[in-house]
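My request is simple: use the sequences and hints to build the entire structure.
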Amino acid sequence: MTSAALNASLPLLALAATSVVVMIAIAIKRNHAATAAIAFAGVAVSFIRLWPASAVAPIQVSSLLTIDRYALVYVGLLLAATAAVILLAYPYLENRSEHKEEFYLLLLLAALGSVVLAASSHMVSFFLGLELLGISLYALISYPRIEALPLEAGIKYLVLAASSSAFLLFGLALIYVANGSMDLTGAASPSTSGAMSVSYLAGTMLVITGIGFKLAVVPFHLWTPDVYQGAPLPVTAFVATVSKGGVFAFLLRWLHAGSGSNGALLVSLTIIAIASMLAGNLLALRQTNVKRLLAYSSIAHMGYFLVAVVAGGSMGSAAATYYLIAYIVTILGAFGSLVALSSGGREMETFEDIRGLFWRQPALASVFTAMILSLAGIPLTGGFLGKFYVLTAGASATAWTLVIVLIISSTIGLVYYLRIIVAMFSIPEEPGTENIPRRLGITSGLVLGLLTAALFVLGVYPAPLWNAITAAAAGLG
Amino acid sequence: MILLWLILIPLIGGIFSLLVPAKRAQLSRWISIVAIALDLILAATLWTSNSPSRWLYEFDQDWIPQFGIRFHLALDGFSLALLLLTFFLGLMSILASWSEIEERVGFFHFNLLWVLAGITGVFLAVDLFLFYLFWELMLVPMYFLIGIWGHGRKIYAAIKFFLFTQLSGLLMLAAIITLAILHARSAGAYSFDYQALAATPLSTGAARLLMLGFFAAFAVKLPAVPVHTWLPDAHTEAPTAGSVVLAGLLLKTGAYGMIRFILVLFPGPAHEFGPAMMTLGVIGVLYGAFMAVAQRDLKRLVAYTSVSHMGFVLIGIFSGNRTALTGAFIQMISHGISTGALFILAGALQHRMHTREIARMGGLWQTIPRLSGAGLFFVMASLGLPGLGDFVGEFLVLLGAYQANAGLTAVATLGIIAATLYGLRVTAQVFQGPNLHNWRLPDLVPREWIIAGSMMAGLLWLGLYPQSFIRMFESISSRPVLNITLIEGTTR
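If you're matching them up, the sequences are chains P and E in order.
Under our numbering, the first residue of the first sequence carries the number 157, and numbering increases by one thereafter.
Under our numbering, the first residue of the second sequence carries the number 166, and numbering increases by one thereafter.
These are computed hints drawn from the structure, not numbers from a lab.
Fair warning: there could be bad hints in the mix.
What the hints assert, rightly or not - One-sided excerpt, in silico: chain E residues whose CB lies under 7 Å from chain P:
#	residue
1	Ile229
2	Gln231
3	Leu332
4	Leu335
Stated by the list, open to error - Stretch-level coverage of chain P by chain E, calculated; a stretch enters the list once three of its residues show a Cβ under 8 Å from a Cβ in chain E:
#	region
5	543–552
6	622–628
To be verified - Example chain E residues on the side facing chain P (calculated, C-beta under 7 Å, incomplete):
#	residue
7	Leu298
8	Ala339
9	Leu367
10	Val458
11	Asp462
From the three backbone atoms N, C-alpha and C, an ideal C-beta is built for every residue, glycine too.
Dropping the structure here:
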């Protein structure tokens with residue numbers, strides 16, 4: 157390995173090393189604060205190493221990983237999200253009875269898997285990253301192992317994720333049969349003079365199944381509401397952001413490597429996008445649990461991303477990336493607010509729990525409201541500009557069906573976002589209930605403050621980030 | 166820079182009145198008064214200035230260069246007149262809610278000031294992206310105003326209002342984006358600038374579709390029948406200040422958008438669809454008036470008169486001649502004042518009587534003669550009594566529309582007869598007759614005197630000296646950019 161390649165892969169290596177250090181530290185002495193600090197420091201070091209890495213980018217590290225600016229943008233995003241989850245999880249775990257330390261170990265491993273996905277240029281590294289992410293998530297989702305809901309969610313995720321991996325593996329095998337290559341560029345386009353062989357087409361569809369499962373798009377979304385509801389809140393935040401972000405980065409790279417010109421693939425992605433937007437928003441209407449509601453809303457949001465993905469071109473991937481960044485900030489803020497609310501031990505997740513929140517904890521409720529407005533795509537928030545870019549990408553590609561469905565379904569979505577806001581602003585019947593105003597912890601306060609700031613910066617001053625993203629996306633080819 | 170301050174002052178004032186501790190609620194009322202009065206004074210100082218260029222004042226700043234989006238505010242006579250209306254009605258609505266709003270006063274005024282800031286932005290923005298941003302931004306605080314301080318089915322009304330506006334707004338956003346993309350294809354670079362987009366060559370089909378996208382948003386806000394159904398609910402359940410802002414200002418943003426954007430960006434389709442739009446307007450005039458006659462709830466009645474009056478505005482805008490367009494403009498201003506005043510009176514009655522049922526009223530003249538007298542004045546203004554603002558507007562609209570389409574105009578005139586019906590019904594059943602329910606109520610307090618007096622003065626001014634406002638409007642209606650439509654309209 158050359159020194160350049162070493163430099164480029166150091167962010168990933170740092171993350172892997174940190175997980176080993178955390179493991180050893182736990183073996184020496186259990187200490188929650190120290191473990192969390194090590195994990196956070198590891199993520200921070202890995203994040204700092206992105207700049208030296210970008211100096212040598214783009215570079216191919218072995219045949220498995222490509223470290224280019226596109227990968228680095230995504231790795232940075234995923235690392236930042238992981239750091240936010242660590243900070244949110246610390247006060248949350250502090251009040252719980254389980255062993256707390258292994259949580260960080262699993263979190264780091266899952267983050268590593270996701271980061272590998274963002275950088276992978278080969279089907280093997282894709283599968284490795286996906287499995288590393290998935291297996292860590294099985295344990296994370298059912299981390300409070302004495303409770304029924306997390307266990308149920310964990311098992312559901314285990315069974316479905318394992319079977320989707322099997323589909324994916326079979327799909328990879330079929331693509332290999334057709335093309336004789338597992339390399340992304342080789343595997344994407346059929347080698348035999350343009351003719352779409354049946355096995356190639358079938359393989360592609362099976363790969364879409366695997367990716368669709370992780371992204372939780374219709375019809376592979378069935379696990380989402382149960383896992384979102386059952387998993388501990390920080391894990392839900394992680395599943396909604398880091399896990400999807402990595403897979404998403406890979407999907408864009410895969411499409412750019414040549415599959416984007418595959419007509420059948422685009423048609424199926426279009427159908428998936430339309431079904432996700434409509435089904436996600438319609439099913440969310442009936443929810444009374446905020447976590448389940450956000451699960452369905454996430455299905456709809458994945459549909460919005462796919463609009464930009466299908467629109468294609470450098471505009472499409474840049475728009476999708478911008479949307480993803482805005483979405484990750486927003487959803488981390490939304491779950492972060494719920495985590496901060498739930499520091500008493502019980503999870504605050506129903507509409508009853510947040511009723512009248514604005515009059516009890518105005519700061520926290522304002523943050524949550526801002527996040528919900530961003531999900532709804534109201535101006536000044538990142539969510540609005542994300543939607544604007546997606547609409548622009550869709551309209552540039554004259555994908556009118558997708559644009560119209562997006563407009564209609566996001567109006568439907570408004571109904572349930574407004575219901576959350578109504579609940580928070582409704583005037584409580586009896587003042588002075590057991591939810592006395594609590595002070596936010598330092599870490600949660602810091603994270604939520606930063607996320608809110610980021611939300612408005614994304615919504616008001618997008619120019620620098622947009623430049624960086626378009627430059628990175630242009631490098632995809 | 167001064168234009169930016171017009172928006173910033175209410176925004177900052179809103180934040181300050183939110184931060185005031187709950188015990189010193191009076192302070193947040195005063196902060197709001199001062200902020201809006203400051204804006205009114207600022208806007209009034211702009212009035213005198215006359216400039217030969219396209220805009221009286223401009224504020225232009227790079228924002229999102231990749232898409233040619235600029236933070237571009239500009240002011241001409243048309244927007245200035247609407248800004249004066251905005252700040253005037255803003256003051257009135259703060260005064261009107263002085264004793265009505267007792268709970269969460271700081272947050273109430275925060276929302277009220279932010280709505281006003283959003284409306285100011287709508288009237289000033291000449292970058293279409295910025296325009297859409299303000300267009301959406303005024304929704305959220307309005308939603309809170311209705312949803313938190315409203316009456317009865319306030320949540321239902323607030324959500325309905327939000328959904329109607331949001332869906333139509335997104336259609337407009339799609340049209341704006343498409344227009345910018347078409348501009349980028351022909352000119353090589355993205356731009357959301359109003360004047361740049363007006364010069365974009367469009368195929369007939371594209372222009373038609375894009376115009377309908379814009380029209381969807383503006384027709385919902387105006388409102389035009391059949392997308393008016395949010396209006397009676399929202400107006401009725403909103404607190405007084407909310408109703409005043411909704412009827413007086415939010416509806417005007419729809420009409421403003423039609424004149425500012427549809428007529429200029431899509432002159433061809435605007436002319437082509439003219440008769441259809443005028444028919445919609447006539448339907449609105451008659452439907453609103455007849456529905457108003459049949460209402461039992463006083464605020465709901467006033468809400469339906471808005472549908473009727475805005476129908477005249479729609480007719481005026483799409484008649485394609487300058488007289489009718491000027492009439493629509495005068496009608497926008499005077500309807501803002503007269504309907505705003507009626508909502509304030511309905512609110513004052515509700516505050517005193519705790520009911521809005523017309524059947525529970527009657528004979529109020531015996532107990533509250535001054536309020537009843539003011540009521541009679543504003544009802545007369547609303548049904549178009551000569552000498553008051555609404556008469557000038559409706560007269561000019563009908564005069565101009567007659568040249569464009571005599572048949573439709575004749576039918577629209579029936580709306581004035583229906584207006585007399587509902588107007589007289591209000592006077593007869595609310596204020597006159599025997600005091601069957603033995604109401605004993607306090608009459609106008611000095612604060613309400615100020616409100617009623619200044620609104621009466623405004624209506625008289627518009628009715629007796631409309632030229633002062635018409636001149637402001639002419640400063641743009643005679644400019645080449647709007648002439649395109651008008652010439653096309655008259656060479657039938």
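These are the hints, each one checked on the structure:
1. Ile229: At about 5 Å, which falls below the 7 Å cut-off, the nearest Cβ of chain P leaves the hint on Ile229 of chain E intact, so it holds.
2. Gln231: 6 Å, holds
3. Leu332: Result: holds, 4 Å to nearest chain P Cβ.
4. Leu335: Nearest chain P Cβ about 4 Å off; hint holds.
5. 543–552: holds (count 5)
6. 622–628: Coverage by chain E holds for the region 622–628 of chain P (3 residues, Cβ < 8 Å).
7. Leu298: OK, holds: Leu298 of chain E within 7 Å of chain P, min 4 Å.
8. Ala339: Hint holds; Ala339 of chain E Cβ to chain P Cβ min 6 Å, cut 7 Å.
9. Leu367: 15 Å, violated
10. Val458: 34 Å, violated
11. Asp462: This interface hint is violated because 24 Å lies over the 7 Å limit.
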